[in-house]
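Residue numbering for the sequence shown follows numbering that gives the first Met the number 0, beginning at 0 and increasing consecutively.
Just so you know, these hints were derived from the structure itself, not from any lab.
Quick caveat, the model's predicted, so the values are computed rather than measured.
Check each hint, because a few of them may be wrong.
Claimed, not checked - Straight-line Cα separation of at most 25 Å, SDA-like style, residue types lysine to any residue; simulated pairs: (1) K264 <-> D88; (2) K252 <-> A241; (3) K90 <-> I78; (4) K263 <-> I243; (5) K181 <-> Q123; (6) K181 <-> K264; (7) K101 <-> L82; (8) K252 <-> F15; (9) K33 <-> K230; (10) K19 <-> N210; (11) K101 <-> L141; (12) K181 <-> W153.
Unchecked claim - Label-pair distances were calculated between CB atoms; the ranges are: (13) S4 <-> S233: 17 to 25 Å; (14) K90 <-> E178: 22 to 30 Å; (15) P268 <-> K90: 16 to 24 Å; (16) G36 <-> N254: 37 to 45 Å; (17) S4 <-> Q73: 40 to 48 Å.
We put the CB at the ideal spot given by N, CA and C, even for glycine.
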Amino acid sequence: MEFVSCNFCGKKDFKFVLEKSSSKGDKFQVQKCKYCGLLQTNPRPTFLEIQEYYSSEYFRKRTDRGYDNYYSPQVQSQIEKVLLLNLHDLKFFDYEKTLHDKKVLDIGCAYGYFLNLLRNRGWQTLGIDIAEEPIRLAREKLSLNVIQEDFLKWDTQATNKFHLITLWASLEHLHYPKETLKKIYEHLLPKGRIILSTCRYGFLARLQGINWRYMNVPEHLYFYTLSQLKKQLSEIGFQFVAQITYGSGLTTKSNASLLYNFSKKILDPLVKFLGQGDMMALHFQKNNSNLD
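Working from the sequences, and respecting the hints, build out all of it.
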């Protein structure tokens with residue numbers, strides 16, 4: 000375990016927000032930086048300690064922290080549907096039309112559903128993740144170009160350049176998100192794009208508190224507001240392109256009641272329209288004034 004400074008502003012003065020048990024029964028605190036307001040799990044497990052939370056069970060057994068068999072066709076269909084909706088809303092397809100050679104890096108790629116989607120659209124794809132099982136299966140079953148490694152330790156000279164780098168529901172899991180975003184900037188080609196999604200600490204999160212569906216510790220180390228994340232990207236040198244929020248907090252359930260499904264059908268588009276979803280996705284461009 001380690002107590003760390005705020006990853007946004009670097010200060011070490013925090014206010015206690017809540018305490019919650021992990022899937023293994025260990026208690027963790029979520030603290031709020033008194034200077035910039037960023038929430039983070041603190042103290043947190045070290046990089047080596049946290050890997051035990053990403054065992055095979057995380058991807059195969061349905062819990063409030065994992066998937067109901069992440070590798071199933073049903074989950075693949077759900078994930079691809081969300082990805083395509085996000086890409087449309089974030090104006091990705093407009094950008095894609097401007098490219099000839101197309102190279103993408105997906106950080107936290109897991110089994111590679113996004114990479115497989117873009118490969119079928121003519122992209123050269125590369126994925127990176129620290130989890131052993133999904134990387135192995137992505138190679139064996141999908142024949143994807145993926146590596147098991149810490150992105151911050153990979154290609155430190157940034158010799159590999161990409162038109163697009165993505166972080167789908169990965170930023171909140173990272174020990175050093177700010178450093179990761181800075182390194183992404185260096186790996187992007189001129190006018191390259193970053194698209195990322197992460198849980199959003201907004202109205203729904205504050206309302207539900209410890210019961211918020213994304214208040215998963217210690218797998219989730221950081222909880223950003225939309226304005227915090229936009230500010231951090233801008234300070235690094237990215238230019239804003241598009242944003243969305245989505246998700247009412249009602250997750251997809253195979254055995255849900257008619258009332259639950261009806262509520263979800265009404266609330267999901269409502270919170271998206273109002274900009275109050277508890278997930279957010281952002282699209283930024285490498286700043287034209289800082290071109291390589």
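Comparing the hints with the structure gives:
1. K264 <-> D88: Satisfied, since the Cα-Cα distance of roughly 19 Å is no more than 25 Å.
2. K252 <-> A241: violated (30 Å)
3. K90 <-> I78: Given that 25 Å is the threshold and the Cα spacing comes to 18 Å, the pair holds.
4. K263 <-> I243: holds (18 Å)
5. K181 <-> Q123: Holds. K181 to Q123 sits at ~23 Å (cutoff 25 Å).
6. K181 <-> K264: It is violated: about 38 Å lies between the C-alpha atoms, which goes past 25 Å.
7. K101 <-> L82: holds (18 Å)
8. K252 <-> F15: Given that 25 Å is the threshold and the Cα spacing comes to 33 Å, the pair is violated.
9. K33 <-> K230: holds (17 Å)
10. K19 <-> N210: holds (9 Å)
11. K101 <-> L141: Answer holds: K101 to L141 is near 20 Å, not above 25 Å.
12. K181 <-> W153: Within the cut-off at roughly 14 Å; holds.
13. S4 <-> S233: 17 to 25 Å: At roughly 21 Å between Cβ atoms, S233 and S4 fall inside 17 to 25 Å, so the hint holds.
14. K90 <-> E178: 22 to 30 Å: Between K90 and E178, where Cβ atoms are some 27 Å apart, the hint holds.
15. P268 <-> K90: 16 to 24 Å: Since the Cβ atoms of P268 and K90 sit about 19 Å apart, the hinted range of 16 to 24 Å holds.
16. G36 <-> N254: 37 to 45 Å: holds (38 Å)
17. S4 <-> Q73: 40 to 48 Å: Given about 42 Å between the Cβ atoms, the range holds.
Hints 2, 6 and 8 from the earlier list are contradicted by this structure; the remaining hints agree with it.
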